[in-house]
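Chemist: Here is how the chains run, residue by residue.
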Amino acid sequence: DGGITQSPKYLFRKEGQNVTLSCEQNLNHDAMYWYRQDPGQGLRLIYYSQIVNDFQKGDIAEGYSVSREKKESFPLTVTSAQKNPTAFYLCASSPGTGGNTGELFFGEGSRLTVL
Amino acid sequence: KNQVEQSPQSLIILEGKNCTLQCNYTVSPFSNLRWYKQDTGRGPVSLTIMTFSENTKSNGRYTATLDADTKQSSLHITASQLSDSASYICVVSVAGNTPLVFGKGTRLSVIA
Chain H
36 DGGITQSPKY
46 LFRKEGQNVT
56 LSCEQNLNHD
66 AMYWYRQDPG
76 QGLRLIYYSQ
86 IVNDFQKGDI
96 AEGYSVSREK
106 KESFPLTVTS
116 AQKNPTAFYL
126 CASSPGTGGN
136 TGELFFGEGS
146 RLTVL
Chain V
255 KNQVEQSPQS
265 LIILEGKNCT
275 LQCNYTVSPF
285 SNLRWYKQDT
295 GRGPVSLTIM
305 TFSENTKSNG
315 RYTATLDADT
325 KQSSLHITAS
335 QLSDSASYIC
345 VVSVAGNTPL
355 VFGKGTRLSV
365 IA
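Protein sequence lines, in the order shown, are assigned to chains H and V. Each residue of the first sequence is one higher than the one before, counting from 36 in the working numbering. Each residue of the second sequence is one higher than the one before, counting from 255 in the working numbering.
It should be emphasised that the hints constitute simulated quantities derived from the structure, not laboratory data. All C-beta atoms in this analysis are idealised placements derived from N, C-alpha and C, irrespective of residue type, glycine included. Don't take every hint at face value.
[What the hints assert, rightly or not] Derived pair list, reagent style DSS-like, types lysine-lysine, alpha-carbon separation capped at 25 Å:
id : chain 1 : residue 1 : chain 2 : residue 2
1  : V       : 271       : V       : 255
2  : V       : 358       : H       : 92
3  : H       : 92        : H       : 44
4  : H       : 92        : V       : 325
5  : H       : 44        : V       : 311
6  : V       : 271       : H       : 118
7  : H       : 118       : H       : 92
8  : V       : 271       : V       : 311
[Claimed, not checked] Okay, the calculated bits of chain V under chain H, using three or more residues with CB under 8 Å as the criterion:
id : stretch
9  : 272 to 282
10 : 333 to 341
11 : 351 to 361
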């Protein structure tokens, strides 16, 4: 089945540790995105990538890093520099970008809790 | 600044009743507007897309409207079901190479 897969679904981390969230898609989409969702708030863009080996910062990139070495994969690393990392993280992909983004296809999300 | 405002923030209705969710946007230049449904703990799923020339579009019990002049959209849910309980997110696409603009969503609870 075509889709977008995030793992792990739940993750616990101690303060000061880096953690990497996986995102894989087999939809052949060029664009991929990472969003953060906190209770009562809308989705906020962390990073996005429109093509392989290229990515741009979103609205809240500080404390996060990404890579796009393959079209299918867009992992997100939450570093120790992120002051409040506990949140629900959503990965998405789309066939286009900007005004031609088309439908966003989301993964099931990864819930990160810092102990 | 491009913004999307949704109202109400939350809503509780009885099963079988209708409801309407609102989305106002200050996005320019406008490309299209989508409504997404997000079940608790899941990723959002697209319900419908509205382009500049479209006024009304239906998807089963969901009907979306768009008034491009007033920059308002609504999502009407008819004969609500318990499975309609979710957050509904309005997302506006900006012409050009600007990322999507998200509303904060409306949390709908349908009770028996």
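Chemist: According to a criterion of three or more residues whose C-beta lies within less than 8 Å of a C-beta of chain H, is the stretch 351 to 361 of chain V covered?
Modeler: holds (count 8)
Chemist: Would the hint linking residue 44/H and residue 311/V be met if the CA-CA limit is 25 Å?
Modeler: Status violated; Cα separation ~34 Å.
Chemist: Regarding the pair residue 271/V and residue 118/H, is the alpha-carbon distance no greater than 25 Å?
Modeler: 43 Å, violated
Chemist: Check the hint pairing residue 92/H with residue 325/V against an upper bound of 25 Å on the C-alpha distance.
Modeler: 28 Å, violated
Chemist: Verify the proposed pairing of residue 271/V with residue 255/V, using a straight-line Cα cut of 25 Å.
Modeler: Roughly 36 Å between the alpha carbons, so the hint for residue 271/V and residue 255/V is violated.
Chemist: For residue 92/H and residue 44/H, compute the direct alpha-carbon distance and say whether it is at most 25 Å.
Modeler: The given pair, whose Cα atoms are some 24 Å apart, holds under the 25 Å limit.
Chemist: Quickly compare the C-alpha distance for residue 271/V and residue 311/V to 25 Å and report which way the hint goes.
Modeler: 20 Å, holds
Chemist: For the pair supplied as a hint, residue 358/V and residue 92/H, confirm whether the alpha-carbon distance does not exceed 25 Å.
Modeler: OK: residue 358/V and residue 92/H at ~20 Å, within 25 Å.
Chemist: Go check the stretch 333 to 341 of chain V versus chain H for me, would you? Three or more residues, Cβ under 8 Å, otherwise it fails.
Modeler: violated (count 0)
Chemist: Hey, residue 118/H versus residue 92/H, does the alpha-carbon distance stay inside 25 Å?
Modeler: 17 Å, holds
Chemist: Quick check: the stretch 272 to 282 of chain V, covered by chain H? Criterion 3+ residues, Cβ under 8 Å.
Modeler: Since 0 is below three, the answer is violated.
Hint check: violations occur at hints 1, 4, 5, 6, 9, 10; the rest are consistent with the structure.
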